[in-house]
Amino acid sequence: MLGLSFVLGQRHKERATEDPYEGGILSTGSARLRFSSQFYLIAMLFVIFDVETIFIVSWAIAFRELGWYGYVGVMIFVILLFVVLIYEWRNGALDFGPDGKKILKAYKKLNQKKSAAENIVSKVNGASQPHVPALKNKHTNQSTTA
Amino acid sequence: MNTISVEAGLILAGILFMLGLISVMIRRNIIFMLISVEIMLNAAGLAFIVAGARWAQPDGQVMFIFILTMAAAEVSVGLALILQLYHQLKTLDGDAANKMKG
Amino acid sequence: MILIWFIIILMGGGILAWIAEQWQAGLSRWVSLAATLINFVLATVLWIQSPGQVTVAGSSWISTFTAQWIPSFGVSFNLALDGLSLLLLLLTFFLGLLAVLTSWNEIQYRCGFYYFNLLWVLAGITGVFLTMDLFLFYFFWEVMLIPMYFLIGIWGHENKTYAAYKFFIFTQASGLLMLLAILGLYFIHGSNTGNYTFSYFDLLGTALTLEASRLLMLGFLAAFIVKLPVVPFHTWLPDAHSQAPTAGSLILAGLLLKTGAYGLIRFVVPLFPHSAAEIAPWAMLFGVIGILYGAVLAFSQTDFKRLVAYTSVSHMGFVMLGVFAFNALAWQGVVMQMITHGVSTGALFILAGTLYERIHTRDILRMGGFWAKMPYMAVIALIFAMASLGLPGLGNFVAEFLTLIGSWHASRVLTVLAAIGLVGATAYSLRIMQKIFYGGIAETHGLTDLSRREKLIFLPMVIVIIWLGVFPQPVIDTAKQTLTGVLEQAHVRNASPPATEKPILSAKGGIHE
Amino acid sequence: MEAPIHPMLIVAGVLGGVMLVAPGLIWLERRLLALWQDRYGPNRAGPFGVLVVLADTLKLFFKEDWTPPFADKKVFIVAPAIVVITALLGFVVIPFAPGFIVSDLNIGILFFLATSSMGAYSIILGGWASNNKYALLGAMRGAAQMISYEVFMGLSMMGVVLLTGSFSLQTIVNAQQDLWFVVPQFVGFVTFLIAGIAETHRLPFDIPESESEIIAGFHSEYSGMKFGMFFVGEYIGIILISSITVCLYFGGWLGPAFLPPVVWFILKTFVFIILFILLRASLPRPRYDQLMDFGWKILLPVTIINLMITAAIVLFNENSP
Amino acid sequence: MSKTDFLNVIPLFMLTSSAILIMFSISVKRNHKLIYIITAASFVADFFYLVMYHPKVKWVIEPLFIFDGFGVFNMGLILLTALAVTMISYAYFEQREERKEEYYILLILATLGAAVLVISKHFVSLFLGLEILSVSLYAMIAYLRRRERSDEAGIKYLIMAAFSSAFILFGMALVYAVTGAMEFSGIAKFLSTAPQMPLLLLTGFGMMIVGVGFKLSLVPFHMWAADVYEGAPAPVTAFIATVSKGGMMALLVRFFNLVDGYRYTSLVVIFTVIAIASMLVGNLLALRQRNVKRILAYSSIAHIGYLLVAFLAGGAMGIEAVSFYLVAYFITTVGAFGILATLSDRDRDAEQMEDYQGLLWRRPLTAAILSAMLLSLAGIPLTAGFVGKFYLVAAGVNNHQWLLVSMLALNSAIGLYYYIRIIAVMFERHEGEEEPADMLHPSVYIVSGVTMAVLVALLLWVGVYPEWMMDVIKTYVNS
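Protein chains in written order, with our numbering: chain A, 1 to 146; chain B, 1 to 102; chain C, 1 to 513; chain D, 1 to 321; chain E, 1 to 479.
One or more hints might be untrue.
[To be verified] List time: in silico SDA-like cross-link candidates among lysine to any residue, alpha-carbon distance up to 25 angstroms:
| # | chain 1 | residue 1 | chain 2 | residue 2 |
| --- | --- | --- | --- | --- |
| 1 | D | Lys297 | A | Lys108 |
| 2 | E | Lys29 | A | Phe55 |
| 3 | E | Lys100 | A | Phe82 |
| 4 | D | Lys297 | A | Phe82 |
| 5 | A | Lys108 | D | Asp289 |
| 6 | E | Lys29 | A | Tyr71 |
| 7 | D | Lys297 | E | Phe24 |
| 8 | E | Lys189 | E | Met223 |
| 9 | E | Lys29 | D | Val263 |
| 10 | E | Lys3 | A | Phe77 |
| 11 | C | Lys166 | E | Leu280 |
| 12 | E | Lys29 | A | Gly92 |
| 13 | A | Lys105 | D | Lys297 |
| 14 | E | Lys474 | C | Lys166 |
| 15 | E | Lys100 | B | His87 |
| 16 | A | Lys108 | E | Arg30 |
| 17 | D | Lys297 | A | Gln112 |
| 18 | E | Lys189 | B | Ser23 |
| 19 | D | Lys74 | B | Ser23 |
These are computed hints drawn from the structure, not numbers from a lab. All values derive from a computational prediction rather than experimental measurement.
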């Protein structure tokens, strides 16, 4: 209670020097932008694991009374947690940020296909354009890492 | 601290529950509907704790932890679904999700 | 044992016919012909052998068959044959045979499945006529519906889907009421005696309070009068009959309607004699209304099959009238009516079918003067039209006459009114002849007279209808035992007052207590 | 146990102490950073530049209190308050000395966890309300980081709870008479410290506000005292984490009797505060995804394994003698 | 935990561990066929264990579970149904999602939830079972990510199910607050000593009924059913219609019988009204649908209404009737949706009436099976549905519930119309192109085909010779 009133008082001081029309950093455009769904995933992970800690916490406080019986139970629970963790790991839920190697691999695959197709086309046309794929390559690499 | 009477606790839980109920009914944004449902669940959890306190048993709290877990799982799935739906509909308006009728 | 074979042959024949069509087109016809023929022969043999037994006093049952089915419900596979059933079975197989023959060329589409349905309808009807277990009765009652539904719904005429629905829902809904009534009877009997059974013989003696008896009887009655049909519940019939393929109409008119009449005689009266007697005047009234209404509407139809359908309504009015007149004479008339109507109306439907095959219309306004082109057909049509109007010397006359004599004892006014119906019958029968075979020649393109197969169909029908008109005694004798037995029983039980002291459905508990 | 001091006094003492120490830390940090980086740091105002803090504070107070017109005003104002309030609330359960505690809750650790996770709100609300792309990005990162490390933080503390069987910090400190828990719970200590740094989003884990990537992250739009609140809040957070660490693993106020318990406590805490500053001075900032990977793939399993092994040992010791 | 305890819960463990095994195997490598086999094998093994180990012994694990005949019977039923659903899922998912493996985890977990539900005797286990079931179902319903309707259905089901869970929970809390017991037997004990039902307790029961009504999609809590049925993938729809509802129904029967709710007129009246409304509304709404899935949805509302008739009859006969009807209904529903699933293609399920036009001539066997299923739903003799309905009516008549029974009869008549309509569409003459080539190798469909054949054989067997099934039910349920 005291802490709260103390902080409230401080906020009152802030308002003493209010002056709305000046200064600051100019913001450009709307900031209501869409961000990676990866953040949602983290939120879900947190929700799941944080709730699971509740169980561990409630076990921790009474684990002496529960003894080995409870230990085995929690062990099973923890093993389940690990299974889930491994599962998520393998499924890429824990890959935060882009994985350069994967993108490169996928891109190469794509490129091979494309170049193969282009080779056919060029053979048909009787003219080869070897530099074009390389240029494209550079360009897209930039865009994926950016 | 004074002990709170069972009736008061239940009434509080009931009010929370009703609030959740009403807002599920009137909200159109799916996320808000989800939140309202969570409120209802938590109201039920509160009622359990009050009931457990009345009988001086830990059962109520145990139940509350389970409810919490379940609510968490529900939110996770719910968020994922909402995200998917948003990708397809580009809106969170519950009324937009009306492809099925009859 | 022979009884179960009747059913097995038909059902097995149906399946075989379906399969046979996969091997070779057209084979299914022969299979089903064989199946119906075997049954017909078997039934005839049984009939020829049986008169001696029938006249023996005591048991009226010629043959029985019992097997366990669902013992925990008290359901058994219980078949029994008496004179009444035997007659109806003969009719069934006779018409079944003809149905197969009439379909010979008419049905070109999915023959295998068609004959499967046809034979299963027959099997269902056979089962209905034979079974002495109420559960089994309901079971067969349903079995005959579904294939009939398909017959109408797939091979019918332009408005078939609607007609098929209507037929199915009317009969099914009323059937469910009967199921409820059966169950009610079952539980009341069970709680009274501790013996939970669906056996007809056991249930016959159930002591019922007046109210319960009324309610339960209404349940049974609902199913039967819809099937029969009695006037307010007849609306499915004109649609179903006119939209069904020829064989379908034949079976509908010739056989399905009879199951309703059979049910009245076999179940309603014996099980609830008191309530049946109570309701008799009303039932007779409705019968008469049916006679008149059917006749009037038949007269005003332009669709040939629809016309014949309404004549069925009219004829079945006589059945209703006769059954509730409660005397042996009327009942004999009813049995005769069932058989002669089956033959005569069946023949008219087949006629309609053969005409439709030739000129692709059923509208009698577009017909006329066909006598010149098709003398054979015209003669046959004349015979059955006369039969339909009740010309003496043909089967229907005997039937209607007996019925009217019988009902005279019960109600004179109604009998007179019913007799007026006969005048109506004359009018519409002559109208058939007038419009189709006399008068100005209409659209004669492609008219040919009856083929050999068609003659083969009509010939036995003509023989039968004349035979029934001239010498109906064997038929009457066959059923006599059963009918008098039922009536006596009913009178005996009516004499003793119903068990009023027991409150309705008082018995608590069920099977497990 | 000493004679109980009036709770209000304790509250006042803690609040005053913390609020005084926090700005002091700013100065301390600057000086120390300068020391380690071979430069002067603040040295003009007052002796060793001590008064620079005062000057800074005055400047913040007198600076224009600017609320961006495009921002969500209410939230924008509330956000910085939250960070200070929650951080201060954390001190409620810290025992500075026997009896010198605002409230000896029996769920002290849980209370601490609860308040510290509330801190995530200030970041996310602040970042959201600023309506600025960088701020939003920073907020999202900050929130992700904080909630992720929240999980491990709670789990790593459970080792201590297993050893003592209590959530009360006072009980925990008392249980360390013989042996500081840093010895049996070294893994727990390390993971807790890492999680703690991440919780306060200090360098090297200052992803939410990394200047070089997203200007200043979630508080890009803040200025004046509102910025000051964030700033101060961060330092209060450092003190809080340090004191909790001390309580959990380094015996709290316990120490040879030649100094009063409070002094021991403050000394130990300062060691950790200096450690924080040292870390800032010496470590580079990891990439965001590296940070998250580290948390989920290494810290989480390690904390859980630590927990299970601890429990097994405790149970074994209980049952065997 | 004693050895017997352990032996008894092995079926639950087996399900759990197979779910974990699948997760592992996905982590190693995604292999649809392997995972499918694991799933099917675990269901089969579980079922056989259940049959072998639980002849008729009753075993109680305090305070959560009770392994009595009724529970074991329902569990076995659920396992077999889940097996059938698995069987029809393979072909269905093989042609659709790129990530189809997780579906089986969810399927197993949902089955686990239902299995827990039917053996629970405590609010906690009830709640856990219910939620495991529901949460798995959310994801299963929305499993086809490409389909908007699937997501929509998932969201709707989620909101509705959470909503109903909240009701159930609040109701439970109130019951707990009044009685001080979360065990069914404890509540029953309280009720048997209490002179009359306290208002708060009645409120609690009322809220639980609301929740249960949602889960069972009873009128007036049925709004979600049609949309969810339509949006969910066909096998999942089959699962919702059978396992999910069946589990809840079994629980309802157990709870109501234990606390002897029949004593309270208010409760009985509430259920009677609900039953009648469900029958009527379900059937009437089904009449105007053009979408087969929606028709089946509304029909399932009506069917649960029918079930309530026997449920209200109570007593041994009522329970037997409910069990029998569940068996018949499960067979039929899984069969119908199985056909629907086999007919569906990559982009959409075969749910419009037009998809069935002339089916009999295109695929006679498929059409014949579907007809059999529909006839069974309509309660036509020779099928399991008939005997089931007969049993229901018998139970109702036995208990003199004439109103309910006559409503049942009336509604069966209404129901006929729409079942027959689907059949009629199948029998329509089909002109136009022949069946398009299947996208997958025909061998994929073998399993589905065999399952369908088995189901239809069961349907007929139970329909023609119900004695065996009745014996089984009696030995289990009355033990």
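We went through each hint and held it up to the structure:
no.	hint	verdict
1	D:Lys297 to A:Lys108	29 angstroms, violated
2	E:Lys29 to A:Phe55	31 angstroms, violated
3	E:Lys100 to A:Phe82	22 angstroms, holds
4	D:Lys297 to A:Phe82	11 angstroms, holds
5	A:Lys108 to D:Asp289	24 angstroms, holds
6	E:Lys29 to A:Tyr71	32 angstroms, violated
7	D:Lys297 to E:Phe24	17 angstroms, holds
8	E:Lys189 to E:Met223	36 angstroms, violated
9	E:Lys29 to D:Val263	59 angstroms, violated
10	E:Lys3 to A:Phe77	21 angstroms, holds
11	C:Lys166 to E:Leu280	20 angstroms, holds
12	E:Lys29 to A:Gly92	13 angstroms, holds
13	A:Lys105 to D:Lys297	24 angstroms, holds
14	E:Lys474 to C:Lys166	39 angstroms, violated
15	E:Lys100 to B:His87	20 angstroms, holds
16	A:Lys108 to E:Arg30	23 angstroms, holds
17	D:Lys297 to A:Gln112	34 angstroms, violated
18	E:Lys189 to B:Ser23	38 angstroms, violated
19	D:Lys74 to B:Ser23	23 angstroms, holds
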